[in-house]
Structures are given as structure tokens and as C-alpha cells.
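Trainee: What follows is the residue order along each chain.
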Amino acid sequence: MASSEIHAVQTLSGNQPRMRRIIEEATQTFLPGTPVQLNAVDGGIQAWDGVTIAAGIAGFSAEPASNLTTLGTAKTLTFGAVPFEASAVNIPRGAPYNDGMVGFEVATDDNVFKGQVGPAQVAVAADLGKQYGMTKDADGHWYVDRTKNNPGVNTILIVTKLDPQDQSATPRGVYFQILTPASQMPG
Amino acid sequence: MMVRGNFAQLMAPGLHSLFVQWTDLSQRELEYPHVFHEETSSQAFEDEVEFAGLGPMVKKPEGESVAYVDGLQGGTLRYQHFTYALGCRMSFELFEDDQYKLINQVPKALSRSAIFTREQVAWNVLNLGFTTQTTIDGLSLFNTAHPLLGGPAATTVGPGLTAYVAAAGTFPNRPTVDVDLSFVAIQVAINEFERLIDGQGLPIMVKPRHLIIPPELKFIAREILGSPNKPYTSDNEINSLIREDLDFFICHYLTSRSAWFLLSDKDSHRIKFFTRQALDEDYADDFDTRSLKTIAWERYSVGATVWYGTWGSNGP
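Line by line, the protein sequences give chains A and B. Under my numbering, the residues of the first sequence are numbered 1 to 187, in order. Under my numbering, the residues of the second sequence are numbered 1 to 316, in order.
Because the hints were derived from the structure by calculation, they are not lab data. Glycine included, every Cβ here is placed at the ideal spot set by N, Cα and C. No false leads were mixed into what you were given.
Covered by chain A, according to a simulated footprint, are these stretches of chain B (three or more residues, beta-carbon under 8 Å):
#1 41 to 53
#2 61 to 75
#3 132 to 139
#4 144 to 152
Here are some chain A residues pointing at chain B (derived, C-beta under 10 Å):
#5 Val82
#6 Pro83
#7 Phe84
#8 Tyr97
Label pairs and their computed distance ranges (CB to CB):
#9 Ile22/A with Ser41/B: 23 to 29 Å
#10 Phe116/B with Pro164/A: 46 to 52 Å
#11 Thr11/A with Pro13/B: 40 to 46 Å
#12 Thr162/B with Pro92/A: 38 to 44 Å
#13 Pro186/A with Trp297/B: 24 to 30 Å
#14 Glu281/B with Pro186/A: 29 to 35 Å
#15 Phe79/A with Pro228/B: 52 to 58 Å
Sequences are here, hints too, so could you generate the full structure?
Mentor: In C-alpha cells:
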């Protein structure tokens, strides 16, 4: 079983979810909906390391990473070579747009995200108000991990609502917010 | 947010006059259309590809087969459009209490911002042309050795290239050592235009027509191009540059005070300005605060597909 992408679905204020788009770290290959963090050295966006609890998460990626060669430098798909022009490139028709940046939905106190609990877990009413951590699923997506439930030690989010669209017998969908101490960009 | 406290003088009548910079100070006419090809786009980006033709014919001995050669495809250059936008907002109390109806003119300032940004982004093609602004060959727009698609053989085809070619298979559109604007420097640049070849080495006709300069060089340009006799000499030689039919254009968005550029007419260069979305604006009232919000935005991209028809010197 897989897990779904995590995205902002509503805000407390009623405004549009806050997004940012800043430079991407090199060699990033994360999926949309991945928790991301700001690199402490250069401020680029990279996938969350999964362990930093205090000020560890900047938000959730709104698009896939581009596997850049160089931090913040646009990388466009190319093929072959150009005769005698070593610096020239062939760009295949329709090669994806890239500008060296990646967008993400910010882990503000206002943004509410929708995700799922783990593939072997079930979301229940008792989860409301509980703090949990997150774990990366085998399919590359991340899920709310009910087994990481030790506040201050391995939790980064608080469940605020069960997903009303998830009507399965073993529902997994939850709405949650990133805890203020866990966010790199809470304001 | 613009609020009454920041514009207290507008709250009471009696001011003799208001000097409003965004309406009382004239803005320059658009300068980039003088140089840039203006095109439109309906996509997220536009890709352009270069092709080279064939080399010179070869003698065919009687009874032998004709020699067959191939045309060449060059690289691709992508024009990737970016969005430029700005907004302002003001409290409805400020809007209502303004005794001079000045605040409702603030959105006009957005169009000035847009015009400046357009110019700045466009002219950065030249400003950055010695460094990061690259053309389809992957090198800076102004370069001492643009590689030719035909390779080293190309520079053995065109006549009289020895003095200009720094390395076999390349052609410059920038002096090896940057030079100040001068009578001789223009002559050298014109000579390079005269000897210009295509990717296979065949001579081409590209004439420089426009000398693009920062304001600081206008007096020198006027003297060099306007003098009836050869400037800066006591001899009675004619000014040989007059017959070159060059005009000079003062660009107020060039960052260097000493860089200068020679450009051909638009039919021979490919410096482009793609408009994806022309300047548009919108406004709305915030439901809760009743604040007034105005935004303006546009989308465009700029660049130079190829270096042909351009020449630049970054001063000394």
C-alpha cells in the first residue's frame, strides 16, 4: 500500500495557503508533497532529513525536485551534442520548464495539510489533538506515523481533523498542522 | 499598507500644490524597442534552434561523382518567461479621507514600475552580455571566440580572417582586450563585421548600424560620428565613418559607463523580447478590512538567440 502526497487543503485564516518558491539544493529527487527543509548553510530547499524535530521543516513540496547539478542553477533536459560548440545544448521539444527553484507550501501556523497515517495504520477520532511524527513510505511519499507519538522527542505535527473524504473501512486521511517549534517558517 | 498616519498632510485641505513624482516627473520613452525584436508567446517558454548551411563548392573532375556534404543543426536556446508583478494597498479610511484625491492615483505608479523593470530586464541582455547572458552556442553574447558549427575548417574558407580569428573555428564579436570607444576602435569593429562569416565559413553581409552607448559616451560619439573631418587630428582627412551610416543611440539602462556596442539592423540580429502576457492590472477590496488592493503584472522573457549582428566592448 502506498501513501498519498501531502498538500495544504485549507487555512485557519481562510486565505490562500502560503507558498514560497526558492532555490533548490543539488541532487534532490523528492516527490511532490514531501516535507522539505531549508539547508542550514546556503538556504536551499532539500528533503527533510526525517530526524530534525526542532525547526526542522519548512513545508511540503508543491512540485517534484529537479535533480539539479548545482544549487539553484536551472537544469534543462538535453540530448546529444552540438558539433564544435561544446557549451551549446540540444533541448528536446517539450523539455520540462526549470528555473533552479522549487515551490513548497509553507509550514506556517495558518496552513492546514492533508496526509495519511501509515499504510498499516487507521485514523481514528482519538487521533484528534494528538502529536505525531512522520515517516517516509516505501513509495517515496511520507505519512503521519502514529507510532511516533512522544511529544518533544519525535513529533512534528498535530492532527486537527479526520479527512471527511476518506470513507473507507480503514480510513487513513487526516488533516494536520506542523507544530510551531518544528517549523522553520512558522510566521 | 498605506494608512492615514503616513499621509497626514492629505487629511486637510489647503495645500497650495502637490508635487507627485509618479505623475509630475516624466518617464523616458521606451528604449528597448529600438533594438529588440518584439514577439509574443502563448507558451511557458519558446525554444529556438540554429542551423548552418553548406560549405563552398568543390571542383568536380570529369567523370567523377559530385561531392556530397551535410548541413548542420546547432544548439537550442530556450526563452523562459518570468512573471514580474507588484501591488500596493491602502486603508479605505485613507482613500476616503484624502482631500486631494491623490491616493486613488497611486496605482498609476505601478505602470512606471513596470516600464522601468521591462527596460532593466531587456537591457541586461547587453549589460550581462560579457558574462552570464549566453547565446545558442552556450557562450557569452559578446565573446572573443564564438565557435562555428563548421569547426576549424570554417575559418579556412572565408578570405582574410587571419587577423581576426583568435582560434581556428571561431569568430569574435568582442576585442581581445576591451577598448574604449574611439574612432579607431569603431573601425576595427566594422572590419570584423566586414569579414564576418557563417558557420561554414561563407562570408555574410551584416552591417553595423547602431552604436549603443551609455549617456556618458554621447559627447565622444557625437564627435566621432558627427565630425565632418577625421576627428582629433589637425589634418584635413575626411571622416571615413560618415559613409558607414552609423547612428548612435543613448541607452539609459546600461550599467557600465564605458561599455559600448555595435548592432546591425533588426533583420541581421536576434536580440528578442517575448511578451507572454502584456501588462495587466486588477484591484479588489478586502472583505474584512475594506482595504483597497491593486496589483499589476506581466510576463516576458529576453535574450539573444545568436551573436550575429552584435559586437561589444566592455570599456577598458
